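Undergrad: Chain by chain, the residues:
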Amino acid sequence: MSTRREFLITAGTGLAVGFLYPRISGAKGAHKGAAPLRIRKNVVTAAAQSDLDSLRKGVAEMKKLIQTRPNDPRGWVLQAFIHGDCTQFTFCQHGNWYFPPWHRSFIYYFEQLIQCFSDNKGFALPYWDWSRTHSVPRSFYGSGNPLDDDISISGRCQGAPSPGRGVSETTQLTQADLDTYVGPGVINSIQQNPDYTTYGGGNPGRGQLEGTPHNFIHRWVGGVAGGGRKVSNMVQTFSPLDPIFWLHHCNIDRLYSNWLARPNHNPPPESQWRDKSFNDFYDCNGNRAGAEFTCARTLDSRVMGYVYDQTLALPAALAVRAKAAVSPKVVGSVATSRAAVKAGVLSFVTEAAPPEQTRRFMNAAAGGAASYVVRLRIDGVKTPKRQSTGVHVFLGPDVTAKTPITAPGYVGSFTFFDGEGEGGGGGGHQHGASSFLLNATKAVQELYGDTSLPEGALSVSIVTRALAAGVDAFATVEDIHPDRIQLDVVNLGA
Amino acid sequence: MRIIVIVFSGFVALACAAASSTGDSAGARAGGERGEGGPVAASVITAAPATFEVALGGDVVRRLELHLAHGSLEVARLILRDLRPRAAQTLKGVRIFVEKPEAYAGTPVADPHYAGNFVLGLEDSQTMLWNIAPTLSRLWHSGALTAKGLAQRKALRITFVPDPAESAASLPKDFALTFKSLTIELPRQP
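As you go down the protein sequences, you meet chains A and B in turn.
Quick note: the first sequence uses the numbering used here, first residue 0, plus one each step.
Quick note: the second sequence uses the numbering used here, first residue 2, plus one each step.
Calculated from the structure, these hints are not laboratory results.
Because the structure is a prediction, the values reported are computed rather than measured.
Glycine included, C-beta positions come from ideal geometry on N, C-alpha and C.
One should not assume that every hint holds.
Stated by the list, open to error - Over 12 Å on every C-beta distance to chain A, these chain B residues come out as not near it, computed from the model:
1. Thr-52
2. Arg-63
3. Arg-87
4. Glu-103
5. Ala-145
6. Gly-150
7. Gln-153
Unchecked claim - Quick list of in silico lysine-lysine cross-link-like pairs, DSBU-like style, CA-CA up to 30 Å:
8. A/Lys-275 with B/Lys-181
9. A/Lys-328 with B/Lys-155
10. A/Lys-63 with A/Lys-120
11. B/Lys-174 with A/Lys-229
12. A/Lys-384 with A/Lys-401
13. A/Lys-229 with A/Lys-62
14. B/Lys-149 with A/Lys-328
15. A/Lys-341 with A/Lys-381
16. A/Lys-381 with A/Lys-401
17. A/Lys-328 with A/Lys-381
18. A/Lys-120 with A/Lys-275
19. A/Lys-120 with A/Lys-56
Chain B with its partners taken away, still in its complex shape (with noise of 0.2 Å):
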């Protein structure tokens, strides 16, 4: 099992500040791909499930704590940026499970933890988006997530599993998705 921190703390004060002062929107990012902080080294997802764990901003842990327990959380975004597939012909698809770091290839999408997937497009670079909001309620109204836990860690975390193809036994050893960030973002609720 792997388990990979992704922080950058810097950025993310820069992202909360800004948030704060429009009101629009909040966001914990992992990640420099604004450039604001200095570069961040490209994380990895290879043939085993892989775990990130995504730093979120005070405000951010604030806001969701309070949506989810009005029962009013009806957006939070996850953000992957900047994609790029490695000897990936043989991949069906990927598999994403919030708080579940013990997620594998067994673990099924009825799971309260699954959030969604992605199958590859055919762009070199690849930006995708979720929205997590009924795992992370799910999860809220469950006791898998709670006020404390949030509070105390300030961070989620984000499973990948990938599925190779039934026609291919597995992934090739040199299979690999390199990304730039993983963010969740917290808009105005609709």
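Isolated chain A (complex conformation) (with noise of 0.2 Å):
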């Protein structure tokens, strides 16, 4: 069983890898073939139009079910009575710690059979953030489309809604409402809790994630009863009847990822939850699925074949978190921002050597220590325009332009995401500038390991690539000049 530990290392460099070069292989627990691991993307990006199309022919098929084979457990109705029935929940999860696993897998099986309907294997289901995104995106409204919420199963569920949403293509949250449940603000808040019991559900107990934006959003698109008011399936135990149901989730899924992958946040210890998995779905053959996904092995999403496009651009109050540097936790740090750029190289060189005390906590690192992170934090990064951009970050000296991410010393890398807005208000540019932490632990491991720090100052090297094969234009060093880099020592306390 893999340690806490190991899990962040894995994540601060796999990750990275993996959405450079989207392949597996090599990952440990990697997913069935070995196939490339999907990307996750913001529904109203461009880059998401091709999974949109896809997800619009493949809900299509499984409506079509309906009718034509109206047992077939991957019809759309019985997809949604996964979820819940004309009374009450069925299989899944609310009010307690399986909340953030199970759905992740249900929405994963989903997943699974869009690509089977829509003849699509590289089918990545896109998420959306209503933090940024504040309506229903239009592509979910509209006469004969596939995505609007246009079943009504009130000939079998007395009392089930008729189709339509309780809120229209031009319905805003409120600034209120985003202050309160589902705007940045919120989230960054949700998501700094570094306790899983509060934030995605104790045994039982409903987290902070689903009792404030999941909840919220629910309510918000399902419409508020009485007064003649529409209410729509969303606000039913049957919510999946409705295709931005499974959008929704997907953006609470992205938020597990990057809670997963914040220092010091540890799922559940206890293996009543670790070794849980949930039969509950159905694979494209129709047959039951689900049980080789323990709640523990999905703490990587790159088992199950995929990443969000955002995983490692941390939220900046995340920075700003790390910024105030008033966790005694922090046991030690050094910085720098005295950079040179030489030959497409863009290398920090700290002050001055590390402190003594400093020195000693990395060597302790370095040496294997479990409960000591090395944490690099890189400030002031600034957005470029050419956002097909890899940035790889590496520890240590003699680093060139070329220096393969294998190489000892390879911290991790980040990317860019800020997409363009298919309107109701959000998705809009963003140029300023960003911080990003990356564990550097492994890095420092690679390096002195089996000796120790030097003792002189220590450096950080940045290099800029294209993101994929195929691109030829991408920022340079230059571009996203980044003001500071700062390595700190944590104690995890283990």
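Each chain sits in its own coordinate frame; assemble them with the hints.
TA: Next comes the structure, spelled out in structure tokens:
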């Protein structure tokens, strides 16, 4: 069984590798066949449009099954009934610590079905980031559009809503809603909570991820009852009848991934949680599925063959939290703002050698002391116009523009995602500066694990490369030039 | 303004004793959901803001004060058990404030006493959890929460402010959220 620390190291490097070289054949616990990793994208971006087309096609096919094969478990209504039937929740997990992993599996198998029905094996479910896109995306409305909420099961379930959502395509989340339930400030606050019990759920008990943004969006899309007002499927136990359900939960799953990637954010250690799996779903052939994915196994989404486009770009609030440096867990730091560019490599060198105590802690991390993590914070990274850029970060000397990411000292990579909006108040460009956090423990171990840190200054180097094969225009290191870099040693207290 | 004190000293003592013996967690519970001390009348949140005083055991107070003083408080769980809604169709959400008994519909979420909120799910009975450590730390640093105050009162006041949906002018008269217990637990800090 991997320790939490091992997982963090894997996430810190492997995710980036997967993003830039989307194949995980060498990854521990790789998904079947080691197919290319799917990248789940923001639905309102241009990059997600081909997935949106496949989703439309796949949903149409699943809706056809309601008539042509009413007992087929892959059909639209029976898929929704995995979640809940006419009167109650059936298999879905709400109000307890299984909420994030159960829904992770639920949308994974839905994604598989869409792949089959759309004949697109590369389909990745897009997500609706309601923090930035403040209305249900326009692509989910329209007569004859399978992505509209156009199914009513009132003939089967007494009192079921008529077709149509509780909000129109022009209805916007209010500023008060954003400030209280789903805006970036609320989400950042929830994501910073290091306690899984109050974040993802207790045994039992509803965590903040479910109780605030998740529940709010269900009710906001579903509408408020009374006074002749329209309510819809999203506030029913069979809420997956509304196609936007899947993108809403994909966003919840994205936040779960983001939470897991944060230092010192640990899922439940109990075997009752880790070993639990849910055989509640159906594969492309209509066979029962899900048993292979325990909660622990799905902590790394790459095992299920996907990552999110924003996993590594941690929110600004996290950087602010780190910048405050008030946490007693940061036991040593060394910073650098002196940089030089040479042959496509931007190198930062610390102003001085790390203080003796910091050096001691770094050596402890290099030697594999389980409770110490070396964290690299990169502040003031400029967002370039050419965003198809992978930024690779290395620790140590002698880095060139061609140093491979398999070389000792490779810390990790990040990229940019500041997509174009479809409208509705979200998705606009924000050409500002960002901060990134990377786990540098593995790099420190590779470089200095068998010796010890050098006596003098430390260097951190940055290179940029094309994000994918075939892309020849990408940003230079001058374009993204960060203001400063800091190495923190964090005592996890384990 | 209603302030309802919910203290069940017998169970608090049991909880703290158990916590001391394991060292893993400590808690102060108002209510008897495990049945050790006999039944406790359910508490109710109606349309008006409601404040509940949650008793803290001496050990919890000491540990809370220690962590607050050292800036090491990361997790303090507020647990609302077995909440059951009635006539809540037009409820948008409920905001939660710590040590702010005067909180009302107009109190903003930017208030330093704000600790979070909840939106109802669809279940008949719901248990909810919040981490109120950031709020407690904020109040400690501002002086709104002090060692002296904690030691004297050995309790925290939790205020619930129900918010109706914009489309409903107010919550119906028979609106009610009944719950079995309100607890603050201080687990081992991560």
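Undergrad: Compare the structure with each hint and give your call.
TA: Hint check:
no. : hint                     : verdict
1   : Thr-52                   : holds (20 Å)
2   : Arg-63                   : holds (19 Å)
3   : Arg-87                   : holds (14 Å)
4   : Glu-103                  : holds (19 Å)
5   : Ala-145                  : holds (18 Å)
6   : Gly-150                  : holds (23 Å)
7   : Gln-153                  : holds (28 Å)
8   : A/Lys-275 with B/Lys-181 : holds (29 Å)
9   : A/Lys-328 with B/Lys-155 : holds (29 Å)
10  : A/Lys-63 with A/Lys-120  : holds (20 Å)
11  : B/Lys-174 with A/Lys-229 : holds (22 Å)
12  : A/Lys-384 with A/Lys-401 : holds (23 Å)
13  : A/Lys-229 with A/Lys-62  : holds (23 Å)
14  : B/Lys-149 with A/Lys-328 : holds (27 Å)
15  : A/Lys-341 with A/Lys-381 : holds (19 Å)
16  : A/Lys-381 with A/Lys-401 : holds (22 Å)
17  : A/Lys-328 with A/Lys-381 : holds (29 Å)
18  : A/Lys-120 with A/Lys-275 : holds (28 Å)
19  : A/Lys-120 with A/Lys-56  : holds (13 Å)
The structure fails none of the hints (numbered hints given earlier).
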